[in-house]
Amino acid sequence: MPVEPLVKISNLSFAYDNRPVLTGINMEIHRGKVVAIMGSSGCGKTTTLRLLGGQLKPTSGYVSVGGQVVHELGDDALYALRRRMGMLFQFGALFTDMSVYDNVAFQMREHTDLPDQLIHDLVLMKLNAVGLRGVHHLMPSELSGGMARRVALARAIALDPMLIMYDEPFAGLDPISLSIVGQLIRTLNDALGACSIVVTHDVQESLKIVDYVYFVSEGKIVAEGTAEEIRNSKAPYVHQFVWGEADGPVPFQYPARPYGDAILREVPRVH
Amino acid sequence: MFTKIIASIRGLGRRVTDRIWRLGFASRFFLAIFLHSGTSLRRFGLTIREIYFTGVLSLIIILVSGMFVGMVLGLQGYDTLQRYGSSEALGILVALSLVRELGPVVAALLFASRAGSAITAEIGLMKATEQLSAMEMMAVNPIARVVAPRFWAGVLSMPLLAALFSAMGVFGGYLVGVKLIGVDEGSFWSQMQASVDFREDILNGVIKSFVFGVIISWIAVFEGYDAEPTAEGVSGATTRTVVTSSLAILAADFILTAFMFRGA
Ligand SMILES: Nc1ncnc2c1ncn2[C@@H]1O[C@H](COP(=O)(O)OP(=O)(O)O)[C@@H](O)[C@H]1O
Ligand SMILES: [Mg+2]
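For the protein sequence lines, the chains are A and E, in the order given. For the first sequence, the working numbering gives the first residue as 1, with consecutive numbering after it. For the second sequence, the working numbering gives the first residue as 1001, with consecutive numbering after it.
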């Protein structure tokens, strides 16, 4: 009997007002796996994560997490499900009016009745896992970008979630922080026995740590495969993306009228 | 020509429906704050913290302004009253103007620009930096955790600040009237004590400032929550908070006054 996937996205479509963003997406993600969703900016990656977290409702199709269809849940059930999800936002989204310690302790205080001493130990444990036990007393504004990202990661795993989502975890990091964060994503996932979804356009870094990759372009999945398959793929789009070529199936030029026409005929009218 | 007229009518119509739609949204938001107020009452520490930020930080500006307004009242009041030979009524004039009108209204205008704008900016920035989204994803309702405590803090601070404003104002009027100009101290205080009625004057003033507190806090949290999540969006929302709540305070003051003091 095949194992039920932890996350199942079935024939998912989504539109903002009448502008379609995603059309007919299918994915299955199993426990223990780290999966990457790749695609250029604006292709709908963040939107996919918001659909998974129930912050947006699909136009058609569905997303299910742990066997529950997310958009059919009532408020209480949705909040219960979210307690078992962790999300790392693109810029960390740390609470700026709280210290690092209070940020990580936030969910423990809101959702559990644990005594302060135990929360203290848990917070330091989480911070230790991301190598930042020493900064617990600092405010978010006193952290570097890479450190803020790691604190946000510690906060995302505060309640040992079964599903962790990362929105562009590599964006704007220096090479060292980049590989630290990459390694953390993998080790935390394996330690928690969770399942991780990494949304990114950083191909080289994520191919090092993920099990499976989906390529999204113009709201559709255009390629998928294991890291190895993607590296060796001959599909033109994947090749262009993986090797970072400026021109290819994704054209350098934004669609426009033929250049000759534009130069010769579009003489600005002078009154 | 004809199409231009049609287009401008359509534009006008859209502006009107947009406003009405937003007002409806603001009303639903108001209800949502009440529905999710449990947290800010049960964990009153959250509200206390916000009272510190909104109330205590507005204290200086409220006290100083109250003092000056009272001093001006002392000067102007004396100048008018002595023409009719009734300068010892200065105490009544200062106290009644402050308790009935100037205390609640001026304190509310100051509170809107000092604390209301700060609340809008803070919530708007939390939205722009995805802190509110992050909170939602952590299964914590931002209306309960962020909006409601700030709302109640504003509602509770406003009457206290207005009372302090009036008290400082009376003191300022006393300094100018009695100490500087030389109005008789005994009649200044005794006339004030005899003519200011608790129900009619003080209680009505407190009701006013409470209503203004609700108006300012509601507008401030709504504008912050509804702000476009960009730097321009937040700064625009902050300005709107000050403008809208100032107008709303003055309009509400007229309506409340009409109901409260019908020359009975
Ligand atoms: N709140 C919104 N309203 C309307 N359009 C949006 C909104 N958020 C995102 N979009 C559009 O949806 C598309 C996908 O956005 P997003 O999922 O954020 O892309 P990305 O892959 O870069 O994360 C983009 O074209 C973006 O302009
Ligand atoms: Mg994005």
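Treat the hints as calculated values from the structure; they're not laboratory data. All of these numbers come straight from a predicted model, not from anything done at the bench. We treat Cβ as the ideally placed atom computed from N, Cα and C, and that holds for glycine. Treat each hint with caution, since some may be false.
Listed below are several chain A residues computed to face chain E (Cβ distance under 7 Å; list not exhaustive) [as the list claims (entries may be wrong)]: (1) Lys57; (2) Arg82; (3) Phe95; (4) Phe170; (5) Gly172.
Consistency of the hints with the structure:
1. Lys57: 14 Å, violated
2. Arg82: 4 Å, holds
3. Phe95: For Phe95(A), the interface hint holds, since the closest Cβ of chain E sits about 6 Å away, which is under 7 Å.
4. Phe170: 17 Å, violated
5. Gly172: 14 Å, violated
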